[in-house]
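**Student:** Just so you know, the protein sequences line up as chains A and B, in that order.
0 is the number of the first residue of the first sequence in numbering that gives the first Met the number 0; add one for each residue after it.
0 is the number of the first residue of the second sequence in numbering that gives the first Met the number 0; add one for each residue after it.
If you are wondering where the hints come from, they were derived from the structure by calculation, not from laboratory data.
Watch out, some of these pointers could steer you wrong.
No copy labels: a pair is met if it fits in one copy or bridges any two.
Under the rule of at most 27 Å between Cα atoms (straight-line distance), these lysine-lysine pairs were calculated in the DSS-like manner [stated by the list, open to error]:
#1 LYS18 / LYS50
#2 LYS57 / LYS18
#3 LYS18 / LYS245
#4 LYS242 / LYS137
#5 LYS137 / LYS50
#6 LYS57 / LYS44
#7 LYS44 / LYS242
#8 LYS137 / LYS67
#9 LYS137 / LYS44
#10 LYS18 / LYS242
#11 LYS245 / LYS137
#12 LYS137 / LYS57
#13 LYS18 / LYS67
#14 LYS57 / LYS242
#15 LYS18 / LYS44
#16 LYS18 / LYS137
These numbers were taken from a predicted model, which means no experiment stands behind them.
There are 2 protein chains.
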Amino acid sequence: MTTPAGRSSTHDVIVDAVKRVLPDLRSPVALHEPSFGGNEWQYVKECIDTKWVSSAGKYVDRFEEMLKGFTGAGYAVATVNGTAALHACLLLTGVEHGDEVLIPALTFIATANAVSYTGARPHLVDSDTATLGVDASKLDHYLRETAAVRDGVCRNLRTGAVIRALVPMHTFGHPVDLDAITALCARWQIQLVEDAAESLGSYYRGRHTGNFGTVAALSFNGNKVITTGGGGAILTNDPALAKLAKHITTTARTAHRWSFMHDQVGYNYRLPNLNAALGCAQVEQLPGFLESKRALAQRYFDAFEDVSGVSIMREPAHCRSNYWLNALLLDRPDVAVRDRLLETLNGLGIMARPVWTLMHRLPVYADCPRMDLAQAEALDARIVNLPSSPFLAD
Amino acid sequence: MTTPAGRSSTHDVIVDAVKRVLPDLRSPVALHEPSFGGNEWQYVKECIDTKWVSSAGKYVDRFEEMLKGFTGAGYAVATVNGTAALHACLLLTGVEHGDEVLIPALTFIATANAVSYTGARPHLVDSDTATLGVDASKLDHYLRETAAVRDGVCRNLRTGAVIRALVPMHTFGHPVDLDAITALCARWQIQLVEDAAESLGSYYRGRHTGNFGTVAALSFNGNKVITTGGGGAILTNDPALAKLAKHITTTARTAHRWSFMHDQVGYNYRLPNLNAALGCAQVEQLPGFLESKRALAQRYFDAFEDVSGVSIMREPAHCRSNYWLNALLLDRPDVAVRDRLLETLNGLGIMARPVWTLMHRLPVYADCPRMDLAQAEALDARIVNLPSSPFLAD
Numbered sequence: 000m001t002t003p004a005g006r007s008s009t010h011d012v013i014v015d016a017v018k019r020v021l022p023d024l025r026s027p028v029a030l031h032e033p034s035f036g037g038n039e040w041q042y043v044k045e046c047i048d049t050k051w052v053s054s055a056g057k058y059v060d061r062f063e064e065m066l067k068g069f070t071g072a073g074y075a076v077a078t079v080n081g082t083a084a085l086h087a088c089l090l091l092t093g094v095e096h097g098d099e100v101l102i103p104a105l106t107f108i109a110t111a112n113a114v115s116y117t118g119a120r121p122h123l124v125d126s127d128t129a130t131l132g133v134d135a136s137k138l139d140h141y142l143r144e145t146a147a148v149r150d151g152v153c154r155n156l157r158t159g160a161v162i163r164a165l166v167p168m169h170t171f172g173h174p175v176d177l178d179a180i181t182a183l184c185a186r187w188q189i190q191l192v193e194d195a196a197e198s199l200g201s202y203y204r205g206r207h208t209g210n211f212g213t214v215a216a217l218s219f220n221g222n223k224v225i226t227t228g229g230g231g232a233i234l235t236n237d238p239a240l241a242k243l244a245k246h247i248t249t250t251a252r253t254a255h256r257w258s259f260m261h262d263q264v265g266y267n268y269r270l271p272n273l274n275a276a277l278g279c280a281q282v283e284q285l286p287g288f289l290e291s292k293r294a295l296a297q298r299y300f301d302a303f304e305d306v307s308g309v310s311i312m313r314e315p316a317h318c319r320s321n322y323w324l325n326a327l328l329l330d331r332p333d334v335a336v337r338d339r340l341l342e343t344l345n346g347l348g349i350m351a352r353p354v355w356t357l358m359h360r361l362p363v364y365a366d367c368p369r370m371d372l373a374q375a376e377a378l379d380a381r382i383v384n385l386p387s388s389p390f391l392a393d
Numbered sequence: 000m001t002t003p004a005g006r007s008s009t010h011d012v013i014v015d016a017v018k019r020v021l022p023d024l025r026s027p028v029a030l031h032e033p034s035f036g037g038n039e040w041q042y043v044k045e046c047i048d049t050k051w052v053s054s055a056g057k058y059v060d061r062f063e064e065m066l067k068g069f070t071g072a073g074y075a076v077a078t079v080n081g082t083a084a085l086h087a088c089l090l091l092t093g094v095e096h097g098d099e100v101l102i103p104a105l106t107f108i109a110t111a112n113a114v115s116y117t118g119a120r121p122h123l124v125d126s127d128t129a130t131l132g133v134d135a136s137k138l139d140h141y142l143r144e145t146a147a148v149r150d151g152v153c154r155n156l157r158t159g160a161v162i163r164a165l166v167p168m169h170t171f172g173h174p175v176d177l178d179a180i181t182a183l184c185a186r187w188q189i190q191l192v193e194d195a196a197e198s199l200g201s202y203y204r205g206r207h208t209g210n211f212g213t214v215a216a217l218s219f220n221g222n223k224v225i226t227t228g229g230g231g232a233i234l235t236n237d238p239a240l241a242k243l244a245k246h247i248t249t250t251a252r253t254a255h256r257w258s259f260m261h262d263q264v265g266y267n268y269r270l271p272n273l274n275a276a277l278g279c280a281q282v283e284q285l286p287g288f289l290e291s292k293r294a295l296a297q298r299y300f301d302a303f304e305d306v307s308g309v310s311i312m313r314e315p316a317h318c319r320s321n322y323w324l325n326a327l328l329l330d331r332p333d334v335a336v337r338d339r340l341l342e343t344l345n346g347l348g349i350m351a352r353p354v355w356t357l358m359h360r361l362p363v364y365a366d367c368p369r370m371d372l373a374q375a376e377a378l379d380a381r382i383v384n385l386p387s388s389p390f391l392a393d
């Protein structure tokens, strides 16, 4: 049993291990900072010099081509941020007012908000401890009690609503169990939308995340593996959906030399060329960032190898993770231990943080339909994210 | 009467007059291009050098301060684009699912789309030929037949819906008749939201547009007076609304050192620091841009002074306009004459264009409630916008 004295000792040992990984402590050490060591300035300057900073320009096209090339997706559509990409993904899969959309309780609020924007309702799903993402097996059991496929759609038998889509999120860059999840979606006639906001550079069985569902969303926020300031992208392998994705994210305007016709309610979700220019320079450096991030993860593994009671999250089976955010996992859920670590590390200028507040614990999503969330609740009391900027490995 | 021969002659005279204003014809001449002659490079480079490109950084704060200073508004909240600003403005004024929002039929589709995002319905209003914006007198007559104030809210007696807000748009930078419109809103208990996307640098009775209603939206798209690549802002003089505007545009996260709590459905609508840096450099040059734009408008006035059958739109009474887009007005509505001018000018590389398709003529908004739109329809057949970049005056 862990005694208060034991706790204290574990706490100090953990803090020392983190400090060993971050020896040249410039305070504060951010959770994740971008690196701009490539052509960022050259490309951005070219935008300014040519005046192409806004809704048109070659860098948007080039950025989309680079994302296709890197992820292997057939199509990429750049957007103004990851939330916009996810909202568009839900619209593209036919999510409508009154529908339900399955999302993990353990996610950033953008996943739930994107569902809300469509007028649908988040329906909260538990986590798999092995991946930190959606537990497909537990979800399947839950759906057998709760839902039925009728006329080709999945219905919640309690609420009567259509369960239109499942949005697994690849937590901290670790892919969910995509074999199990794609099988589940096929069996239950549910659209698969991958929330790949955190998983650029992460692979499942050698294939890049974002290629397993109907559509997927990426994010290039300032804290992600690469950044465009703010930005995101929609990935798909369906040419018709790709065309529609570009259309609805650019005000649904139909082509004409000067006339303004729009054939549906569209969105102003396009990425400015200025931000895409930054993105092009960032993708060029992405392989190097990923190598550095693996090296940093290895340093955390090494530092914690002999520390009992905790571990550093490792990529799941059949996966190659980008290790976007390294996660310290307490063996046993313990909010007091977690919070004391957060206090100490942040006090030292090491910007550690807990996982996002679980969705059902936010008042705004407290009334959403949900399954038992015991594993997500346990993970919440076990996780401390640690600084993960790629340059920390250098 | 205008004969076919007469038309031909008028057409040629108009084209010649436009060519006189744009003598050093570099083809194509855009409708509106940005100018980057100030500190754009320096500020953007500083963002990259310091790694502050994204959701935090000093340029967002500085840009908001500069916008406050320039417009005289008490508060400014920068957003990712003008559509996002307008959507947030509607949320801030309490627009809800099922409400109606009065908007001009003659506007860019973003005005109508922002209403749709809230679940409310656009209710289309006719234009005043003197301002090209909402005709307050005609709207007042229409409301007397259609609506009634009950329990402090205005209700559409035909649909039963609450008419929550009026969103006049300052067309091409020309302010609407704000005395009449503020009086109408007070009389009918309707919230006033100014769509000031086009009117940065435009004043009504000496006061900057965007200061007359509850809230207002600005746009810094690439075709506007100043640009941030993509960007917008919310203006208000109400401190509580300003605080709420910042809150809902930044995912409604409540302050904590590391914990992620959010107290409502929020939006990822913040402007990246990279784009704000561009904006700071642009605001510094704004007074010069406005002078150049007035000089260009004067050149159009001079060129068309002796051309019969047409005029160039002049700032309305009590207004100082930014002359964002110069508008050629045919004395008489004539779609054939308008379209022939558009064909010829665009054929010459002069990117003239008609006004946006009127909202009730777009299939998606064809079924919206609306008043008689005779003046908007006449204006549609009279307007040709002409190139208006500030540097064209130099």
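**Student:** Which hint numbers doesn't this structure obey?
**Tutor:** Failing hints, ascending: 2, 3, 4, 5, 7, 8, 9, 10, 11, 12, 13, 15 and 16.
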